[in-house]
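Chains B and R are the protein sequences, given in the same order.
With our numbering applied, the first sequence corresponds to residues 33 to 495, in that order.
With our numbering applied, the second sequence corresponds to residues 9 to 388, in that order.
Simulated from the structure, these hints should not be mistaken for laboratory data.
Don't be surprised by glycine CBs; every beta carbon is placed ideally from N, CA and C.
Take these hints with a grain of salt, some might be off.
Facing chain R, according to a computed beta carbon distance under 7 Å, are these residues of chain B, among others [as the list claims (entries may be wrong)]:
| hint | residue |
| --- | --- |
| 1 | Gly-254 |
| 2 | Asp-256 |
| 3 | Asp-413 |
| 4 | Ala-423 |
| 5 | Met-429 |
| 6 | Val-433 |
| 7 | His-435 |
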Amino acid sequence: MTQIKDIDRSLYDFKDDESDFYRLQEGLTEETVRRISGEKHDPAWMLEHRLRSLELYNKIPVPDWGPSIDGLDMDHISSYVRANTDMKGTWEEVPEDIRNTFEKLGIPQAERRSLAGVGAQYDSELVYHNVREEVAQQGVVYTDMESALTGEYADMVREHFMKLVPPSDHKFAALHGAVWSGGSFVYVPKNVKVEIPLQSYFRLNAKGAGQFEHTLIIVDEGADLHFIEGCSAPKYNVANLHAGCVELYVSKGARLRYSTIENWSKNMYNLNTKRAVVEEDARMEWVSGSFGSHVSYLYPTTILKGDRSYCEFTGITFAGNGQNLDTGAKMIHIGKDTSSYINSKSVSKDGGISTYRSSIQIAKSAKGSKSTVDCASLMLDDISRSDTIPAMDIRTMDADVGHEAKIGRISDEAVFYLMSRGIDEAQARAMIVSGFADSVSKELPLEYAAEMNNLIRLEMENT
Amino acid sequence: MKKRTVNHIPALTWNALRVNGAVIEETPALHPEKTAGFGKLPEGVSCREISFAEALEWLAAAAPEEKPEAVVAGKVPIYHPQAFATGLGAEFDELLEEGGCRVELLEIEDNVRLTEPVHRNLDFEGEGNTFVTILHVGKNAEAVILLDETGRDAENAGAYISTKAVLEEGARLTLVKAQMLGKGRKCFDDTGASLLKDASFSFIRMDLGEGDVYAGVQAELVGKDASFDAKTAYIGRGTQTIDLGYNAVLRGPRTKAEMLFNGVLGGHASKTLRFTIDFRRGAKASLGEEKENLLVLGDDVGIKTMPIILCGEEDMEGHHGATIGQLDEEMLFYMASRGIDRKEAERLMVRARLDTVLRTVPEGGFRTGIAKYTERALEA
Chain B
33 MTQIKDIDRS
43 LYDFKDDESD
53 FYRLQEGLTE
63 ETVRRISGEK
73 HDPAWMLEHR
83 LRSLELYNKI
93 PVPDWGPSID
103 GLDMDHISSY
113 VRANTDMKGT
123 WEEVPEDIRN
133 TFEKLGIPQA
143 ERRSLAGVGA
153 QYDSELVYHN
163 VREEVAQQGV
173 VYTDMESALT
183 GEYADMVREH
193 FMKLVPPSDH
203 KFAALHGAVW
213 SGGSFVYVPK
223 NVKVEIPLQS
233 YFRLNAKGAG
243 QFEHTLIIVD
253 EGADLHFIEG
263 CSAPKYNVAN
273 LHAGCVELYV
283 SKGARLRYST
293 IENWSKNMYN
303 LNTKRAVVEE
313 DARMEWVSGS
323 FGSHVSYLYP
333 TTILKGDRSY
343 CEFTGITFAG
353 NGQNLDTGAK
363 MIHIGKDTSS
373 YINSKSVSKD
383 GGISTYRSSI
393 QIAKSAKGSK
403 STVDCASLML
413 DDISRSDTIP
423 AMDIRTMDAD
433 VGHEAKIGRI
443 SDEAVFYLMS
453 RGIDEAQARA
463 MIVSGFADSV
473 SKELPLEYAA
483 EMNNLIRLEM
493 ENT
Chain R
9 MKKRTVNHIP
19 ALTWNALRVN
29 GAVIEETPAL
39 HPEKTAGFGK
49 LPEGVSCREI
59 SFAEALEWLA
69 AAAPEEKPEA
79 VVAGKVPIYH
89 PQAFATGLGA
99 EFDELLEEGG
109 CRVELLEIED
119 NVRLTEPVHR
129 NLDFEGEGNT
139 FVTILHVGKN
149 AEAVILLDET
159 GRDAENAGAY
169 ISTKAVLEEG
179 ARLTLVKAQM
189 LGKGRKCFDD
199 TGASLLKDAS
209 FSFIRMDLGE
219 GDVYAGVQAE
229 LVGKDASFDA
239 KTAYIGRGTQ
249 TIDLGYNAVL
259 RGPRTKAEML
269 FNGVLGGHAS
279 KTLRFTIDFR
289 RGAKASLGEE
299 KENLLVLGDD
309 VGIKTMPIIL
319 CGEEDMEGHH
329 GATIGQLDEE
339 MLFYMASRGI
349 DRKEAERLMV
359 RARLDTVLRT
369 VPEGGFRTGI
379 AKYTERALEA
């Protein structure tokens, strides 16, 4: 009999003492919003934006279509927690306990080995930000959002901030607009190719707190960037909330790859919003691995605005005990001859619920467009759930749309075959699941593919 | 006028897409007057009229028990409570009940195997415009029921059809519905079926008419080895709205559901198709397959498709596929090289799609009638 145990998260499940941290009282009021704005020395327009967002948050209802978020009570969430430090440019300057946290997560090591720049956020603020000299010399701007709001690129930030994801979009976009803090701003100038990736890592250490970082990336004409996002948190017995926002602008002829390995703890409500607009002849690539969280609502959205723009989404979701992960993607075709491809995999086990949800919208203007969706789900036991809820909305005859989905379990024949070659059953099942996830892991840089395979191995341990 | 939502999907999605159900702002008047019956019935088959309340009571006893795991993704309400589940759903039943409709209960006795189909023309030219029927197919009984829905062009006229079928152990039912209503008519056609062990339900639907249509089917595969096979063809033109909702709920072990939709859409027509295969826990070794092929011939069409698979059972296999697009240029070039112009090529391809379903209709006058109607539609 196969028994699948829950993941050993000791690698991620450690906590720092937060007794000397600055922490706003739990709950969400106008006073909370004004205090966050004051803490961050917002320009006047940003305070106005926050207050308008709060009004919207109070008006917009909770979604009636996804997993239950009844366990999330904003009266018990602190919207802002700041460690007793400001942002540093070298790891040596970062307070020891926080530095140790990121050391355990392997961030400084990864930076030395294979990254062009790193931003490390701890609770509500960045504690470390650095970009390699040679990359900065190319004119690449990689900085924290607060500095960007008032620095050389202030006008550019104001022009783009929450324009792709307006606070009116949904309740948690409004919440983000009201209390956002931290995150990164990236600008890649025309025709600059950033050869190695930039990375932001988000760590939520505080109990009963929310993290609301904002990531704004503008890749100018003909430029090329790979951005990696990672996240984790220790597990508490109360709800934590992540309602970040990612806005990506991919200019004419540019390419942006945005990779995420999401590994929040299983008390986390991950209500994140990601959106990209892609101009003429540009290319957007999403690579997404969702492993953590108690509840997730995550559907990266791509607006294929320019003619011949292209988007590819490759994602895997692994839902285990106590998890209800509702993930997928949205593609909106507006330009002519645009193309999109979604390749989604999901695995459910040990009572976990995995839902693939997507929408493909092809406007009347999107003549000659093509869209293909390929999704596969694997059920590892009979107490889990796996649902596939795709939608297509097509307004032109001149489009080709294909959708394929399959759902099933690990075949006994495959396990038997591997066992007949001397592999035990647990290993055989883990190998099959790794193979199932291969189309996602091969899209990641080696180190991150190894991390993802490690997560799968941990999930399948002791089977 | 009360707004009503029909063709709910069993698991909601983004409201902004407006696909969670079809909202009917206004329905044409119901006329529950008596309509022509089934006529002379073969031996072993009887028909009697009962009240709507009696019908609901009768059906409730045949409906499968809803279990707590029916709540999908931890969110309610997902399954809309209905005494006996159908595609259009509870609000359509309410409409019929409020309209004072009576119900005909057609019963086929155990072990009766009808050699000839039972044909009934649902003629909407007459006074009545509601046909509410329960089909009770006894143990190991076998029947083919053919319903053609006809009526000339008429402004804001309604056609209300409800067919609920209870298939006992080993029963086999083929139900064919051919909708050939004229312009201006709004057709609401609802079907629900409950299948016990070894029962088999073959459902064929052809939407060839020129009015708006809202049609739904729900098949509940309760017993072991029950099977459901649905084949649907439709053609949308002018400013027609075609709204289809099909749900196959696999509850018993080794159950099987297959759904095929072949459609053609042109002019300014719009089509919404929601089709779900729902594997409930306990549906071990079950299979579900759903497929849509849509040929698009007009550049002002609206197409919405939701191919859903819900799964609470590990030991099953589910597939769905959808291909939506216009005629392939290479194929057109090939046809042109053989002297077939674009218009003729379109006609051939439309006919091929419809014929795939038409061929499954039992041979005879009924099929010939549909074929003739189809030809006239293609000529137009």
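These are the hints, each one checked on the structure:
1. Gly-254: Gly-254(B) check fails; min Cβ-Cβ to chain R is 32 Å, beyond 7 Å.
2. Asp-256: 32 Å, violated
3. Asp-413: Holds. Min distance 6 Å.
4. Ala-423: 5 Å, holds
5. Met-429: Holds. Min distance 4 Å.
6. Val-433: Holds. Min distance 4 Å.
7. His-435: With a closest approach of 4 Å, the His-435(B) hint holds.
The structure fails hints 1, 2 (numbered hints given earlier, in ascending order).
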